[in-house]
Structures are given as structure tokens and as C-alpha cells.
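K.L.:
Listed below, chain by chain, are the residues.
Number of protein chains: 2
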Amino acid sequence: MATIIEAEEIAGWEKYYRINILNKISGFRTACLIGTSNSAKNTNLAMFNSVTHIGSNPFFMGFILRPTTVERHTYNNIKETNYFTINHVNSSIYKQAHQTSAKYAESSSEFKKCHLTETYIDNFKAPFVKESVIKVGLSFAEEQLIRSNQTRLIIGKVEKLIIPDNSINANGDLRLDMHDSVIVNGLDTYYKAYFLEQLEFARP
Amino acid sequence: MATIIEAEEIAGWEKYYRINILNKISGFRTACLIGTSNSAKNTNLAMFNSVTHIGSNPFFMGFILRPTTVERHTYNNIKETNYFTINHVNSSIYKQAHQTSAKYAESSSEFKKCHLTETYIDNFKAPFVKESVIKVGLSFAEEQLIRSNQTRLIIGKVEKLIIPDNSINANGDLRLDMHDSVIVNGLDTYYKAYFLEQLEFARP
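Heads up: the sequence lines are chains A and B, in that order.
Going by numbering that gives the first Met the number 0, the residue at position 135 of the first sequence is 134; the numbering climbs one at a time, nothing skipped.
Going by numbering that gives the first Met the number 0, the residue at position 34 of the second sequence is 33; the numbering climbs one at a time, nothing skipped.
Hints in this document: simulated from the structure, not taken from any laboratory.
Worth double-checking, as some hints may not be accurate.
Straight-line Cα separation of at most 27 Å, DSS-like style, residue types lysine-lysine; simulated pairs [to be verified]:
| hint | chain 1 | residue 1 | chain 2 | residue 2 |
| --- | --- | --- | --- | --- |
| 1 | A | Lys191 | B | Lys94 |
| 2 | A | Lys78 | A | Lys112 |
| 3 | B | Lys156 | A | Lys14 |
| 4 | B | Lys191 | A | Lys94 |
| 5 | A | Lys14 | B | Lys159 |
| 6 | A | Lys156 | A | Lys124 |
| 7 | B | Lys112 | B | Lys124 |
| 8 | B | Lys40 | B | Lys112 |
| 9 | A | Lys40 | A | Lys112 |
| 10 | A | Lys129 | A | Lys112 |
| 11 | A | Lys129 | A | Lys156 |
| 12 | A | Lys78 | A | Lys156 |
| 13 | B | Lys124 | B | Lys78 |
| 14 | B | Lys14 | A | Lys159 |
| 15 | A | Lys111 | A | Lys191 |
| 16 | A | Lys124 | A | Lys40 |
| 17 | A | Lys159 | A | Lys111 |
| 18 | B | Lys40 | B | Lys111 |
| 19 | A | Lys156 | B | Lys14 |
| 20 | A | Lys191 | B | Lys191 |
| 21 | A | Lys112 | A | Lys124 |
Next comes chain A alone, as it looks inside the complex (with noise of 0.2 Å):
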């Protein structure tokens, strides 16, 4: 059976306990590390549970960036950079995925705290995990803020995207089981893809 829970109630909530289950019921979704740096070249990298496909034509890429009534060093690295990198987290680093969202100083990076290397490609302006499979770098596009309670949508054009060869097989299809990315549901709780089944474009 069914419990129905009105907007009333989860307000009245205890913080912690609400943000877990609000959070939950939102949905599974890859864990993705951002990898940013100011300009004196202190990296950031940050722990996000929201990375969305926004366009294919150009390619973008955005996340949701919580307010910033404190201080947020992956937007602002990417305000006066421009550039960001997305890293796909596997299931060889989640813990010390997990481990960047603890509050590190700006002038420790979470690269050197949690034990994943950083690794610059081409010259990009932004550094890329070494330990991720799958990498996606960006330049800033554009920003919208959200008038309902002072989050951004960020939202980045891909510039370079690094996959494995032969990730992109016989069909034009990439299986991301197969390279090993990591889901989160939350803030906390990590699960990897059971391949199910890949259905055709559906007609009427």
C-alpha cells in the first residue's frame, strides 16, 4: 500500500532527514567529478549529482549549482577561467569521489586530499581525472538563475569529449555499463547499471 505525503509535512521534516530522502526520490543518476582551476592554478574538484544533457547540436552539458551564500569554488574557478571538465566517476574511485565533497580549503585541492590524479590534455584550460574513464571537457556557455530558491543551472558547450577506443561499437552505440560508471541516488548512496535492454525508436 501507499502513503501520501503532502508538501505541509515534508517542510516540517528535519533538515538532514529531508535533504536524504528529497534527494533519494529524485532519482539515480551517474556521479560525475568536476574538475576546475582559478587562475593561479589552485584545482578544485567536486562531487555532482546532477549533470544533464541540455542540447546535442552543439553538444551541452549542464549541473545544478546550489546558492552561493558561501563560497562555491567550482563556479567561481569557472567564472574566471571559462573552462570545467566533467570526469565520469567508476567504481575504482568512488570513495574518493565521495571524499571531495568534504569542505577543503580553496588552496587544498581535492585531487592532492583524495588520492585521484589530475591530468591536463592538449593544453585544456581546465584539468581532467587521470583515474576517469570517461571525460567530457567544456567551455561556459551561460548561466540561469533560479528565482525559486537561488540555484544556477550552469551550463557548459563540450569542447572535447575522451572516451576509450572502440567504446563506440558496430551499431553507433555506446554501452556505458561496459566502461564501468558509477550511479548515485542522493548524496550518499552509490549502485552500479544491470543491463536490462535496449529498446527500438517507438512509433504510433
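Fit chain B to the known structure of chain A by using the hints.
P.N.:
Chain B only, in chain A's frame:
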């Protein structure tokens, strides 16, 4: 070894090949059906792979809507009635859910065409999917037109949650995998979640 692909090369890819690969690289997410009706009570049901958590106080969720250069029944209905529902897809209904992506006329409801049952809860003004185990009822909060490509971020305020009895466990946690929520990658490939680990809140 890795292959590096530049934006210029992606721009030259054949359209459907490009859309397929880029949607897949954008990651896994919970497959969701969005239910709406117009003021004449014609219902609509559509699959979305971009549902995102926007905030927890109040609880806001959002999704990306493609450009309104063709008719978007979901968008029109939300603007007309102010309400919509987000229904998690599960493994018993993912084939019917996928079929909602076929182009049906506004007068034929995807509920009927795709053998899913519309249900109304407490006079909420948008239809829920009876077969979904996790259901969310929302009122329209705001939209953001993305200048880069004319897609829209549509944001709703959660008014009502319908979850299974006892699905919030003694730790104040909800295990989405135990409620059979299905994952989609790109537009056509379905997965289930296989639990890895729940990690502690990260501290430096």
C-alpha cells in the same frame, strides 16, 4: 587507450548517431513519466530522462524540455493547468513507458495507447500513473529559457509524494533500488540499479 574527439568532429556526425552517443555520454538517470492534462481533460503522458533535484526547502524538481518549435503537449498542458506529475518507471512498465515517446495526436492519450492506467489522487489536477510505485505531484513554479539552444528548464514545486508504506527505513533512508525504479541511458537503453555501498558524510 583513449580516443580524443573534438567538438568539430562531433558536429560532423550524422544527426541520429550524434544524438544517440551524446545522450548516452550524458549519463544514467531514473526513467520518469510526466503526466498532464489539458483543460478539456485530454491527458498526456511522456517519457523524460532529465528529471533533476532542484532544491529541498521547498522541494523543487525540474526537467529539460526540448525547443517548442514543434507542439509539446506536456509543456502546453502545464502552462494551461499549472500541474503535472512525475512517475518513476519500474521494470513491469518500462516497455509501455518507452512507447509513450511515439508521436501521438493530442486527442489520443498515451495512457490508453500505451496501456498505462491514469489515476487521480485527492483531486490533484494532473493524472498519476497507477502502475508507478513512486509518484510525485507538482505545481508549476517557473521556467528558464536556455539562450544557447532554446531548450527550457521547467521547475515544479512538489505538492504531494506517493511512496510505498514503510519505504523510509529506520535510518531515515529510502533505498530506490528496492522499489524497482528503472534507469535509462540515452533514449533507448534501460538498466536496473545494483547496490554498491552507502558512504558516510565526508569530512576533511
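K.L.:
Taking the hints in turn, state whether each one holds.
P.N.:
How the hints compare with the structure:
1. For a cut-off of 27 Å, the pair hint linking A:Lys191 to B:Lys94 stands: about 21 Å separates their Cα positions.
2. Distance restraint check for A:Lys78 and A:Lys112: the Cα-Cα separation of roughly 24 Å lies within the 27 Å cut-off, and the hinted pair is therefore satisfied.
3. Restraint check for B:Lys156 and A:Lys14: satisfied, since their Cα atoms lie roughly 17 Å apart, inside the 27 Å limit.
4. For the given pair, B:Lys191 sits about 21 Å from A:Lys94 by alpha-carbon distance, which is consistent with the 27 Å threshold.
5. For the given pair, A:Lys14 sits about 18 Å from B:Lys159 by alpha-carbon distance, which is consistent with the 27 Å threshold.
6. For the given pair, A:Lys156 sits about 14 Å from A:Lys124 by alpha-carbon distance, which is consistent with the 27 Å threshold.
7. Proximity of B:Lys112 to B:Lys124 is assessed by CA-CA distance (about 21 Å); at most 27 Å being required, the pair is judged to hold.
8. Straight-line distance between C-alpha atoms of B:Lys40 and B:Lys112 comes to about 16 Å, which keeps the hinted pair within the 27 Å bound.
9. For the hint pairing A:Lys40 with A:Lys112, the CA-to-CA distance comes to about 16 Å; that is within 27 Å, so the pair holds.
10. Our distance criterion of 27 Å between C-alpha atoms is met by A:Lys129 and A:Lys112, whose separation comes to about 15 Å.
11. With a C-alpha separation of about 21 Å, the suggested pair A:Lys129 and A:Lys156 falls inside the 27 Å cut-off, and the hint holds.
12. A C-alpha spacing of about 14 Å is found between A:Lys78 and A:Lys156, which places the hinted pair at or below 27 Å, so the restraint holds.
13. The suggested pairing of B:Lys124 with B:Lys78 holds, with an alpha-carbon distance near 13 Å, which does not exceed 27 Å.
14. Restraint check for B:Lys14 and A:Lys159: satisfied, since their Cα atoms lie roughly 18 Å apart, inside the 27 Å limit.
15. Annotation: proposed proximity of A:Lys111 to A:Lys191 holds, straight-line Cα distance about 26 Å (limit 27 Å).
16. For the hint pairing A:Lys124 with A:Lys40, the CA-to-CA distance comes to about 10 Å; that is within 27 Å, so the pair holds.
17. Taking the CA atoms of A:Lys159 and A:Lys111, the gap is near 24 Å; set against the 27 Å cutoff, the hint holds.
18. Restraint check for B:Lys40 and B:Lys111: the C-alpha separation of about 14 Å stays at or below 27 Å, so the hint holds.
19. Taking the CA atoms of A:Lys156 and B:Lys14, the gap is near 17 Å; set against the 27 Å cutoff, the hint holds.
20. Taken as a hint, the A:Lys191 and B:Lys191 pair is honoured in the structure, with Cα atoms around 8 Å apart against an allowance of 27 Å.
21. Taking the CA atoms of A:Lys112 and A:Lys124, the gap is about 21 Å. The hint holds against a cut of 27 Å.
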